[in-house]
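Chemist: Protein chains in written order, with the numbering used here: chain E, 40 to 286; chain H, 40 to 286.
Keep in mind the hints are simulated off the structure, nothing from the lab.
The model shown is predicted, which means the values in this text are computed figures rather than measured ones.
C-beta atoms are modelled at their ideal positions from N, C-alpha and C, and glycine is treated no differently.
It cannot be assumed that every hint is accurate.
[Said to hold, decoys possible] Capping the alpha-carbon separation at 20 Å, the derived lysine to aspartate or glutamate pairs in DMTMM-like fashion look like this:
1. E:LYS139 to H:GLU172
2. E:LYS101 to H:ASP127
3. E:LYS204 to H:ASP142
4. H:LYS183 to E:GLU143
5. H:LYS126 to E:ASP142
6. H:LYS139 to E:GLU143
7. E:LYS183 to H:ASP199
8. H:LYS139 to E:GLU105
9. E:LYS139 to H:GLU143
10. H:LYS126 to E:ASP115
11. E:LYS126 to H:ASP119
12. H:LYS204 to H:GLU247
13. E:LYS139 to H:GLU181
14. E:LYS126 to H:GLU114
15. H:LYS139 to E:GLU114
16. E:LYS183 to H:GLU200
17. E:LYS139 to H:ASP142
18. H:LYS183 to E:GLU201
19. E:LYS183 to H:ASP196
20. H:LYS101 to E:ASP199
21. E:LYS183 to H:GLU201
22. H:LYS126 to E:ASP119
23. E:LYS101 to H:ASP225
24. H:LYS204 to E:ASP142
25. E:LYS139 to H:ASP199
26. E:LYS126 to H:GLU143
[Claimed, not checked] Non-contacting residues of chain H with respect to chain E, defined by C-beta distances greater than 12 Å in every case (computed):
27. LEU78
28. GLU213
29. ASP214
2 protein chains.
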Amino acid sequence: LINVVDLDAIKGAGIRIGADPLGGASVDYWAAIADRWSLELTVVNPLVDATWRFMTLDHDGKIVTESTVICEYLEDVFPDANPLRPKDPYLVAEMRVWTKWVDEYFCWCVSTIGWHRMVGNLVKHLSDAEFEEMVARVPIPEQKVKWRRAREGFPQDLLDEEMRKIGVSVRRLEDRLSQHPYLVGDTFTLADVCNFAIANGMQFGFAELVNEKDTPGILAWLARINARPACQAMFANSKKENLGPRK
Amino acid sequence: LINVVDLDAIKGAGIRIGADPLGGASVDYWAAIADRWSLELTVVNPLVDATWRFMTLDHDGKIVTESTVICEYLEDVFPDANPLRPKDPYLVAEMRVWTKWVDEYFCWCVSTIGWHRMVGNLVKHLSDAEFEEMVARVPIPEQKVKWRRAREGFPQDLLDEEMRKIGVSVRRLEDRLSQHPYLVGDTFTLADVCNFAIANGMQFGFAELVNEKDTPGILAWLARINARPACQAMFANSKKENLGPRK
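The shape of chain E in the complex, shown without the other chains (with noise of 0.2 Å):
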């Protein structure tokens, strides 16, 4: 930290600081920061949230929480700024069911495998009792269940389970996309919005599954959209959390 961060100078400076994690899994580093470069430093929340329900929206102190209703309220508040949600109510509900889709079945069986694959790299570290530690203070049940997995392995019954399932998802998508550009009509909507942020890299984490022989169209697909230029910036400008494979 101290090749980066001129932490003398924080500290002479004689400020205090109020460090919010943001429910991150950093944030037991800042009172050990603290402790070392001696900062007036206090962690305002120590709380772990698993679920990145602090990823919310903010729109001039509205807190809209939930990524597929925040895309929708954008569209409801700016309806005329590059709107991504069609104008015939039909295509809307066609476009509605892709979106329910990603939340209830798309996302979960590719989220598992994730966190079977790349989420135990982070607490592997961790001893028997500082691991338990940080479960005891993960809110929500269903995570405290899903974090002692990732350390463990998950049952292989249940990740052949969500393996089929994600069988099941790619060929819907193939189904539509081997047949038309984009999921609903004929334009880039919320529909491809929310299933390309699960899609996207399973060309390359699900190579068995999404190919160019299997899947032409999937691939087209996210081809099209990663050229798009505002998906461009925001790769440009996102940083990757610290993942690998388990290993």
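Fit chain H to the supplied structure of chain E, relying on the hints for placement.
Modeler: Structure of chain H alone, referenced to chain E:
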């Protein structure tokens, strides 16, 4: 059947009948009825669809699925006919968080206990072979599992977990309804419609959780909705499934 329908008259008329059980569990009765009364009857749709996806909205030939999506579609198409979606986008977002929560959380825990308590009765008269034949016709793997568990009984740890979630759900509703007449703003919205569909009846089936002492807010809200003319008309015209408690 012969006590309520003049089957000789039907047979005598020489008509040909196409029976569509609409995915319902009654699919097997039709062939037996046709045999017994020598009717020229063809089951045109032999699929048992335990996901109830056959209950769609048909709007001049446009088929809309998913009850939450149907509700918003009706608002989009008939914006001035007794609107049940707020005008304020922020209240709409709050409404969607509630309807989404029904679909992703509240509905499932109550439904699983309902399957455990009630649905087993629908299949207990079947032999093992008949039951397997029925399950083989169910197209959705998740529903096959649900039918098997309804017949055999659900695992106790799963029932315990669903009851825990029902407790969480009831507290969430009561937290809001002890302070407000409806779930969003001060008016009846789709948030109430979708939650009422699950919560109404819990004062009987889950009286240990939903009762005058513990959840006066929920009880008052249920009574307020049950008193609405549209709600009264709906119940007056609806038939109940022939279900009953597990014995």
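Chemist: Taking the hints in turn, state whether each one holds.
Modeler: Tested hints:
Our distance criterion of 20 Å between C-alpha atoms is broken by LYS139 of chain E and GLU172 of chain H, whose separation comes to about 32 Å. A threshold of 20 Å between alpha carbons decides the hint, and for LYS101 of chain E with ASP127 of chain H the separation of about 12 Å falls inside it, so the pair holds. Using a Cα cut-off of 20 Å, the hinted pair LYS204 of chain E and ASP142 of chain H holds, with the two alpha carbons roughly 19 Å apart. Note on LYS183 of chain H and GLU143 of chain E: the hinted pairing holds, with a Cα-Cα distance of about 19 Å set against a maximum of 20 Å.
Distance check on the hinted pair: LYS126 of chain H and ASP142 of chain E sit about 25 Å apart at the alpha-carbon level, beyond 20 Å; violated. About 10 Å separates the Cα atoms of LYS139 of chain H and GLU143 of chain E, which keeps this hinted pair within 20 Å; it holds. Only pairs whose Cα atoms come within 20 Å are accepted, and LYS183 of chain E paired with ASP199 of chain H is accepted, the gap being roughly 16 Å. For a cut-off of 20 Å, the pair hint linking LYS139 of chain H to GLU105 of chain E stands: about 9 Å separates their Cα positions.
For the given pair, LYS139 of chain E sits about 10 Å from GLU143 of chain H by alpha-carbon distance, which is consistent with the 20 Å threshold. With a CA separation close to 10 Å, the supplied pair LYS126 of chain H and ASP115 of chain E stays within the 20 Å bound. At most 20 Å may separate the alpha-carbon atoms for a hinted pair to count; LYS126 of chain E and ASP119 of chain H meet this at roughly 17 Å. Restraint check for LYS204 of chain H and GLU247 of chain H: the C-alpha separation of about 14 Å stays at or below 20 Å, so the hint holds.
This hinted pair checks out: LYS139 of chain E and GLU181 of chain H have alpha carbons roughly 18 Å apart, not beyond 20 Å. For the proposed pair LYS126 of chain E and GLU114 of chain H, the alpha carbon gap of about 14 Å is at most 20 Å, so the pair holds. Between the alpha carbons of LYS139 of chain H and GLU114 of chain E the distance comes to roughly 18 Å, so the proposed pair stays at or under 20 Å and holds. The straight-line distance between the Cα atoms of LYS183 of chain E and GLU200 of chain H is roughly 13 Å, inside the 20 Å bound, and the hint therefore holds.
A threshold of 20 Å between alpha carbons decides the hint, and for LYS139 of chain E with ASP142 of chain H the separation of about 9 Å falls inside it, so the pair holds. At roughly 16 Å between alpha-carbon atoms, LYS183 of chain H and GLU201 of chain E fall within 20 Å of each other, so this suggested pair holds. Our distance criterion of 20 Å between C-alpha atoms is met by LYS183 of chain E and ASP196 of chain H, whose separation comes to about 16 Å. Our distance criterion of 20 Å between C-alpha atoms is broken by LYS101 of chain H and ASP199 of chain E, whose separation comes to about 37 Å.
With a CA separation close to 16 Å, the supplied pair LYS183 of chain E and GLU201 of chain H stays within the 20 Å bound. A C-alpha spacing of about 17 Å is found between LYS126 of chain H and ASP119 of chain E, which places the hinted pair at or below 20 Å, so the restraint holds. About 18 Å separates the Cα atoms of LYS101 of chain E and ASP225 of chain H, which keeps this hinted pair within 20 Å; it holds. Restraint check for LYS204 of chain H and ASP142 of chain E: satisfied, since their Cα atoms lie roughly 19 Å apart, inside the 20 Å limit.
Of the supplied pair hints, the one linking LYS139 of chain E and ASP199 of chain H is violated, its CA atoms being roughly 27 Å apart against a limit of 20 Å. As the CA atoms of LYS126 of chain E and GLU143 of chain H are separated by approximately 27 Å, the hinted pair breaks the 20 Å bound. At roughly 38 Å, the least C-beta separation between LEU78 of chain H and chain E is larger than 12 Å, which holds for a residue marked as non-interface. Taking the minimum C-beta to C-beta distance to chain E, about 19 Å, the non-interface status of GLU213 of chain H holds against the 12 Å cut.
Residue placement check: ASP214 of chain H keeps its beta carbon more than 12 Å from all beta carbons of chain E (closest about 15 Å).
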